[in-house]
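Heads up: the protein sequence lines correspond to chains A and B, in order.
Just so you know, we're using our numbering here: the first sequence kicks off at 9 and counts up by one.
Just so you know, we're using our numbering here: the second sequence kicks off at 0 and counts up by one.
Because the hints were derived from the structure by calculation, they are not lab data.
Be a bit skeptical, because a hint or two may be false.
Every beta carbon over 12 angstroms from chain B, so not counted as near; a handful from chain A, in silico [claimed, not checked]:
#1 Ala353
#2 Arg365
#3 Pro517
#4 Leu531
Ranges of calculated distance between the beta carbons of each label pair, as one might list FRET restraints [what the hints assert, rightly or not]:
#5 B:Leu2 to A:Val56: 20 to 28 angstroms
#6 B:Ala322 to A:Leu149: 50 to 58 angstroms
#7 A:Gln454 to B:Arg139: 32 to 40 angstroms
#8 A:Gln170 to B:Trp135: 42 to 50 angstroms
To list a few chain A residues with every Cβ distance to chain B over 12 angstroms, as calculated [said to hold, decoys possible]:
#9 Pro40
#10 Pro42
#11 Ser113
#12 Thr134
#13 Ala151
#14 Ala290
#15 Gly329
#16 Glu342
#17 Glu348
#18 Arg419
#19 Leu483
Note that the Cβ used here is the ideal one computed from N, Cα and C, for glycine as well.
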Amino acid sequence: MTLIKPGVGWYTPASFVSRFEPPAMSAPPRVPPPRLALCHITKRYPGVVANDDVSLSVQPGEIHAVLGENGAGKSTLMKIIYGAVQADAGQIMWNGREVRVGSPSAARQLGIGMVFQHFQLFETLTVVENIAMALEGRFDLAALAVRVKDVSEKYGLPLDPQRLVHSLSVGERQRVEIVRCLLQNPQLLILDEPTSVLTPQAVRRLFDTLRQLASEGVSILYISHKLHEIQALCHRATVMQGGRVTGETDPRNETPATLARMMIGRELPVCHAPAYAGEARAVLQIDRIRRISADPFGVSLHDISLTVNAGEVVGIAGISGNGQAELLSALSGETQGRPESVSIAGVPVGHLHAGQRRDMGLAFVPEERLGRGAVPGMSLAENFILTAHRQPALRRHGLLSFGRAREFAARCIERFDVRCNGPQSAARSLSGGNLQKFIVGREIMQAPKLMIVAQPTWGVDVGAAAFLRQTLLDLARSGVAVLVVSEELEELFEICDRIAVLAGGRLSPPVPKDQTDAEQIGLLMSGPQEQPA
Amino acid sequence: MQLIEARPNPSRVMRWAAPPLAILLTLVVAAILFAMLGKPPLQAFHVFFIEPLETANGWSELALKASPLILIAQGLALGFRARIYNIGAEGQLLAGAICASGVAIYTDGMDAAWILPAMVVAGAVGGGLWGAIPAWLRTRYQAQETLTTLMLTYVATYLLSWLVSSPWRDPGGTNFPQSILFSEAAMFAPLFEGLRVNTSVWITVIAVPLFWLFVSRSFAAYQLAVGGEAVAAARYAGFSASRTVWLSLVVSGAAAGIAGAAEAAGPVGQLTLSLSPGYGYAAIIVAWVGRLHPLGIVLAGLLMALIYLGGEAAQVSMQLPAAISWLFQGMLLFFLLGADAFVDYRLKRRRQAAGGKE
Numbered sequence: 009m010t011l012i013k014p015g016v017g018w019y020t021p022a023s024f025v026s027r028f029e030p031p032a033m034s035a036p037p038r039v040p041p042p043r044l045a046l047c048h049i050t051k052r053y054p055g056v057v058a059n060d061d062v063s064l065s066v067q068p069g070e071i072h073a074v075l076g077e078n079g080a081g082k083s084t085l086m087k088i089i090y091g092a093v094q095a096d097a098g099q100i101m102w103n104g105r106e107v108r109v110g111s112p113s114a115a116r117q118l119g120i121g122m123v124f125q126h127f128q129l130f131e132t133l134t135v136v137e138n139i140a141m142a143l144e145g146r147f148d149l150a151a152l153a154v155r156v157k158d159v160s161e162k163y164g165l166p167l168d169p170q171r172l173v174h175s176l177s178v179g180e181r182q183r184v185e186i187v188r189c190l191l192q193n194p195q196l197l198i199l200d201e202p203t204s205v206l207t208p209q210a211v212r213r214l215f216d217t218l219r220q221l222a223s224e225g226v227s228i229l230y231i232s233h234k235l236h237e238i239q240a241l242c243h244r245a246t247v248m249q250g251g252r253v254t255g256e257t258d259p260r261n262e263t264p265a266t267l268a269r270m271m272i273g274r275e276l277p278v279c280h281a282p283a284y285a286g287e288a289r290a291v292l293q294i295d296r297i298r299r300i301s302a303d304p305f306g307v308s309l310h311d312i313s314l315t316v317n318a319g320e321v322v323g324i325a326g327i328s329g330n331g332q333a334e335l336l337s338a339l340s341g342e343t344q345g346r347p348e349s350v351s352i353a354g355v356p357v358g359h360l361h362a363g364q365r366r367d368m369g370l371a372f373v374p375e376e377r378l379g380r381g382a383v384p385g386m387s388l389a390e391n392f393i394l395t396a397h398r399q400p401a402l403r404r405h406g407l408l409s410f411g412r413a414r415e416f417a418a419r420c421i422e423r424f425d426v427r428c429n430g431p432q433s434a435a436r437s438l439s440g441g442n443l444q445k446f447i448v449g450r451e452i453m454q455a456p457k458l459m460i461v462a463q464p465t466w467g468v469d470v471g472a473a474a475f476l477r478q479t480l481l482d483l484a485r486s487g488v489a490v491l492v493v494s495e496e497l498e499e500l501f502e503i504c505d506r507i508a509v510l511a512g513g514r515l516s517p518p519v520p521k522d523q524t525d526a527e528q529i530g531l532l533m534s535g536p537q538e539q540p541a
Numbered sequence: 000m001q002l003i004e005a006r007p008n009p010s011r012v013m014r015w016a017a018p019p020l021a022i023l024l025t026l027v028v029a030a031i032l033f034a035m036l037g038k039p040p041l042q043a044f045h046v047f048f049i050e051p052l053e054t055a056n057g058w059s060e061l062a063l064k065a066s067p068l069i070l071i072a073q074g075l076a077l078g079f080r081a082r083i084y085n086i087g088a089e090g091q092l093l094a095g096a097i098c099a100s101g102v103a104i105y106t107d108g109m110d111a112a113w114i115l116p117a118m119v120v121a122g123a124v125g126g127g128l129w130g131a132i133p134a135w136l137r138t139r140y141q142a143q144e145t146l147t148t149l150m151l152t153y154v155a156t157y158l159l160s161w162l163v164s165s166p167w168r169d170p171g172g173t174n175f176p177q178s179i180l181f182s183e184a185a186m187f188a189p190l191f192e193g194l195r196v197n198t199s200v201w202i203t204v205i206a207v208p209l210f211w212l213f214v215s216r217s218f219a220a221y222q223l224a225v226g227g228e229a230v231a232a233a234r235y236a237g238f239s240a241s242r243t244v245w246l247s248l249v250v251s252g253a254a255a256g257i258a259g260a261a262e263a264a265g266p267v268g269q270l271t272l273s274l275s276p277g278y279g280y281a282a283i284i285v286a287w288v289g290r291l292h293p294l295g296i297v298l299a300g301l302l303m304a305l306i307y308l309g310g311e312a313a314q315v316s317m318q319l320p321a322a323i324s325w326l327f328q329g330m331l332l333f334f335l336l337g338a339d340a341f342v343d344y345r346l347k348r349r350r351q352a353a354g355g356k357e
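Take the sequences, apply the hints, and build the full model.
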């Protein structure tokens with residue numbers, strides 16, 4: 009979410025824009041009405057106004073960005089357009105006529121297609137079967153397969169209709185979703201954070217497709233918080249903050265700084281990574297972890313080895329589903345293996361369960377915050393005990409002190425700026441970002457030797473993300489070994505000292521950050537078969 | 000259009016309002032039922048809920064019935080918090096009663112102070128072992144304890160039936176399937192002259208604060224609760240899932256076993272086929288109505304005992320069928336589960352504006 013930082017190997021917006029200058033859009037004639045116009049849309053949820061008097065319009069053939077951080081109300085607005093949620097007030101104009109979009113199926117009939125951030129595909133079915141399920145009425149699988157092939161080739165989205173979805177890469181799965189929408193000849197295509205799971209190379213291919221669609225008159229609503237993508241792709245941008253529209257602009261005429269100011273009201277924060285002065289002892293040693301997955305759709309781990317030293321942040325890049333979950337649970341102790349497969353400060357712990365590894369100085373922040381990192385229905389104070397019960401102040405003679413747990417939780421809430429109604433609020437009442445701050449804070453307060461964090465800033469707002477990154481960096485520089493597993497390349501380039509890539513259950517050798525760049529890492533992420541010889 | 004939507008936070012008010020609401024709904028439906036049977040509802044309620052409490056004997060019977068219900072429900076609630084659904088407390092009660100009776104039968108004729116405590120221990124061991132079987136099946140073979148505990152209840156029933164009709168049958172009896180009457184040393188003494196309530200209620204009186212302390216403060220109970228709410232979080236924290244299963248089933252089995260021992264060594268005074276009027280099942284309802292809370296369970300246990308007594312009174316004085324108690328229990332659980340849905344959900348409010356009708 010923090011985006012461009014010169015000299016960290018991430019592509020600069022200038023290079024991106026010059027390489028992908030959006031086709032100059034012929035000024036839309038004034039005569040036809042906008043494809044979609046939202047007028048004063050308001051949607052309230054208990055306690056929050058998700059959309060407050062939101063208006064925006066999209067012309068035919070326009071790629072229109074909706075920019076805003078998590079919780080700005082983008083997703084609610086898209087759900088209203090797609091008929092999944094009904095607005096409390098306001099109008100939706102479709103090609104100049106007022107419509108009521110009562111359901112997603114009504115939206116599809118109008119010509120609105122949506123590609124979700126989280127794919128909705130059945131892994132055991134083929135591509136064409138998955139597409140057939142979304143179509144209404146009768147269909148002929150053979151004929152449909154031909155159409156799928158035609159459409160996918162026409163838009164540069166090569167797909168084999170007969171392949172089973174579980175054998176597809178994430179990028180290919182996204183193609184299935186897009187082709188599924190395109191088969192219904194949409195006039196408006198909504199894409200919700202479509203690049204969060206793509207390599208830089210796949211992002212470029214996606215953008216080519218979207219430009220082609222726009223040139224044929226399809227309107228595109230592009231939801232993202234990635235400023236450089238919006239600058240590279242979009243003709244207009246509506247910026248949202250706290251449920252309201254805070255600006256509308258042509259992103260090509262803006263700088264990341266001006267866009268950031270519209271989005272979060274200030275400049276993008278940057279992290280400071282001082283050099284580590286202490287001794288670089290090996291704290292985490294991973295020695296040839298091998299896991300043959302029992303699940304036919306699972307990922308096997310192939311001889312993964314890695315060392316993380318005190319004082320450094322090591323990043324594991326890669327798209328989720330390439331063995332990340334398996335590796336993390338092997339490291340955390342949620343699954344066990346050979347004693348020597350994992351060592352903490354020289355002591356083999358591979359056979360120990362998670363609690364015993366914590367006794368050795370491990371702290372772990374899992375990707376799933378609710379239900380794994382925290383118990384949803386329990387209060388923050390109770391959730392603090394989950395990993396902090398080894399502190400003698402909290403547990404004595406088998407009895408817990410909930411009063412002290414409240415004090416500790418309150419300290420964590422204050423120190424890590426967790427927005428909530430105090431230590432008594434249920435974990436599930438917190439937003440994802442705030443819960444993440446709480447869990448990271450709780451783990452840091454255990455004074456670990458080794459900190460493993462999965463997707464540290466997923467779903468976290470920009471300011472909090474920068475804070476969390478800085479916290480992890482400071483933690484490392486205080487002598488802790490930090491391992492970060494993340495899908496966000498920018499994030500890894502910002503905080504890591506070395507970066508490795510996990511793809512297809514294989515881990516590439518870690519490379520110092522200044523000896524690589526996003527392009528190289530992106531190539532490694534797409535898997536061995538696509539690597540240059 | 001969906002009628003209900005999820006609440007952002009579970010409603011504390013609704014959590015505690017659900018039992019009174021369920022009781023109220025039960026009474027309303029019961030009133031309709033009484034009316035349809037041609038009995039004036041108010042009179043029926045009087046017979047059901049007031050008359051049993053008008054005499055000392057009524058209070059004695061209330062305590063006598065509430066005691067095993069509360070004890071068993073305390074144990075069950077422990078497991079329910081961890082989502083370990085032991086619904087075979089009836090079988091564990093019988094297993095406990097069998098073991099305790101074994102002690103009484105083989106010490107018959109002796110007069111020693113240790114006999115009664117030994118029976119209580121034997122009851123706890125018997126019930127605990129009966130609970131350990133499903134725990135072993137669950138941790139070793141992933142067999143669902145909901146099924147195995149229930150099925151083991153039938154095994155316990157037939158075991159009891161075999162024992163009282165052959166090896167342990169009272170040789171001096173008239174071929175009835177029942178054991179000898181226990182000697183005085185193997186019986187709980189009555190608390191008051193002429194009333195049936197006996198010293199076994201002290202076990203429950205002592206157990207309630209112990210359970211309260213355990214549930215509200217112990218690390219073990221915390222682990223049970225985490226395991227019940229979020230299995231992945233328990234694994235993440237390194238809490239043992241199999242220990243949760245063992246602890247839940249063995250403790251609830253032992254509590255039921257003690258209740259069984261107290262029944263055999265108390266009001267029944269021998270091992271018979273009709274040892275338990277379904278306490279093991281009724282305790283499941285008691286645990287839920289009591290919100291799995293040690294004090295809530297006490298109130299719910301007293302209510303359930305009153306339903307038992309009221310059912311008996313209604314049979315005698317209003318010629319209502321014996322099934323009426325079961326009907327009350329069933330309705331109570333039914334309405335409670337229905338009301339419980341509103342702890343996590345609420346009725347959707349009508350949309351204030353923007354077209355469309357509900």
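- Message: Let me make sure I understand: some of the numbered hints might not hold for this structure. Which ones are they, in numerical order?
- Response: Result: hints 2 and 16 break, sorted rising.
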